[in-house]
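Enquirer: Keeping their order, the protein sequence lines are chains P and D. To convert, note that position 117 of the first sequence is 117 in my numbering; the numbers rise steadily by one, no gaps. To convert, note that position 366 of the second sequence is 366 in my numbering; the numbers rise steadily by one, no gaps.
Everything labelled a hint here was simulated from the structure, so no lab data went into it. Relax, there's no trap hidden among the hints.
If you anchor each label on the Cβ, the simulated ranges turn out as follows:
(1) P:Ala27 with D:Glu345: 48 to 54 Å
(2) D:Pro110 with P:Arg25: 55 to 61 Å
(3) D:Phe31 with P:Asp179: 41 to 47 Å
(4) D:Gln318 with P:Gly77: 38 to 44 Å
All residues carry an ideal CB built from backbone N, CA and C; glycine is no exception.
Each chain, written out:
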Amino acid sequence: MIHPAKYTRAMNNSLIFKEVSKTWRGASTPALDRLTLEVPAGSAFGLLGPNGAGKSTLINILLGLVRKDSGVVSAGGISLDSDPMALRRLCGLAPQTPGLYPTLTVRENLEVFARARGMTHAAARDAVDECMTATGIHTRADQRADQLSGGLRQRLNVSLALLGNPPILILDEPTSGVDLQSRRLILDLLKEQKQRGVTLLYASHELDEVEELCDRLAIIAEGHCRFSGEIHEAGSTHAELARHYFELTGDLAA
Amino acid sequence: MRPFTNPVLQALIRKEWIVLRRDPFGLAVLFLMPALFILVMSLALQDVMDRRRTDIREVLWLDQDGSYFSVELLQRVSAQSPLQFRRVQNVADLDRLGRGYAVASVQIPPNLPVRLDPDAVGPLLTLAFDPVLDTPSRARLTAELQGNLLGLKAEYLAEDLLGLPQAEAEMMRKALRPEGVALDIRGLPHHADAPTTLPDATQQSVPAWIVFAMFFVIMPLSTSVIGERGTGTLQRLAMINATPSTLLLAKVPLYLGITLLQALVMLGIGMWLVPALGGAPLHLGSHAWALLPITLATGFAAIGVALLIAAIAGSAVQATTIGGAVNLLMAAVSGIMVPRAVMPESLQLIGAVSPMAWAVDGYWDIILRQSPPSASFPECAALLILGSVCMGLASRWLKMENG
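Generate the whole structure from the sequences, applying the supplied hints.
Expert: Spelled out as structure tokens, the structure:
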């Protein structure tokens, strides 16, 4: 089992983006253009948008992995500009590309990051066991990451995000290319995290996943936030939500 | 936080160890490739290098005087000596002696006629020997110079003092005493056990291919970093506040260990396997421990270059292409593939700015020239500076990637 709820809604684990802009060197249009968003503490917040909309850039800026040109970003009341290290400590990340060491086993991958977080050998072992059990990959503990299926790899990706029980989880398309079983497991696990008061920022293409998991969402296109609010405000049915999404993004592939 | 109590660094070093252990084939290539080169080149170059060793009989001649006496001295000594005299124009050209292209050098300072005066003090010229020149040849060259200088001195006196028999006689006697033709004779640093020959094929090949092998880690190391950039592990590590410097530093201890092991294995091959197959054995001399600093410095420089390539390359293909090209170009101009002695001077000058050439020179200082251990310290310093600068740039580049 993952730790009992250590972080609750009482803690202000909200995420705030205010007027955030970013233009990549050599690009003629901004990747993010004065984008403003607020993710309330303890909410599951869907970040929807077509490829290149700026979702990953926004996540990377939040974590201080990409430098913003302007704007204000904070998480849990900590400003990115004043203490990026403390901000990062609040967050667990499941990046779009899983970020695994291919020749290391599942357990070794988790141990590297647990030890790198400063956990003792015993604490790391316990934390690793907990995360593997939560994502159901404990049976593959000694299998190399490059021998895992896409679904198991994403489960390991999510396990790595859960290490250290961060109060904010950031997930960048964690179900892309996974089998139905893994998808279900990941979504159930995230719901469980949400119930414990963990703030979720969930970037995805999948409308039905966002509908199932999230209570709020933002639709981003061409670096602008086209919509931000409660799910039901975007559409009371799946079809309505989809139509709204296409209208705002012009993305027929979603 | 001190580097080795940094949990990120410790965890990453452990991770590197596991990753390396899981790739025995990649590791084996780092050892087999240079070992084969050493065996092949030591045996293939044996005849060529032996011939070269007996061929080099050149004495560098720097005449800063240009008077009748200095010109005449060269003519007379050239006519008598079995050595070949090569006129050079600058003091810097005398460096060729230290690099094994000549057996001795003669430097005649300005105003030789003034110093031929019986009352003048100080040496008439400076004579330097390479350690490889044997003692009889040294004695013969010294005697030829002294004998001809005495003759020229007598001429000078006879001409200058004609008509004053009493005084001249006295001065002539004084001038013709042996101390009247003092030479400043210098040997390059030379050890009692030093070989009396130029590098043989093994002495040429072993240091050269050790250095090449060390720089060969550019390819696996840079592709490993590129792989981590591509799979998103660097992003995840950045999440736990691992700085680019820490990520790069974690690569150093194990790869440095590999380069050290490479050097040990290659030296062993030169000492035992090459002679077993009919080649000349490698002798490390009495300062073998001094190979450690140059080995570590070379390994550090190679790792630094590898990390810089890894940071700036956009893909593993780019990294291996750039790494391979850098490696081969450096090897080509540094005397790794072709001994520098047979290269044109312009190429030798280009080779002198190659880190591989610094490293090979450092090894030769110890193995071939039998110099004191400190002789390789300048090369060590240059390599350490190169490694540090490359690592600093790589770290800076990775930071800049954040936009």
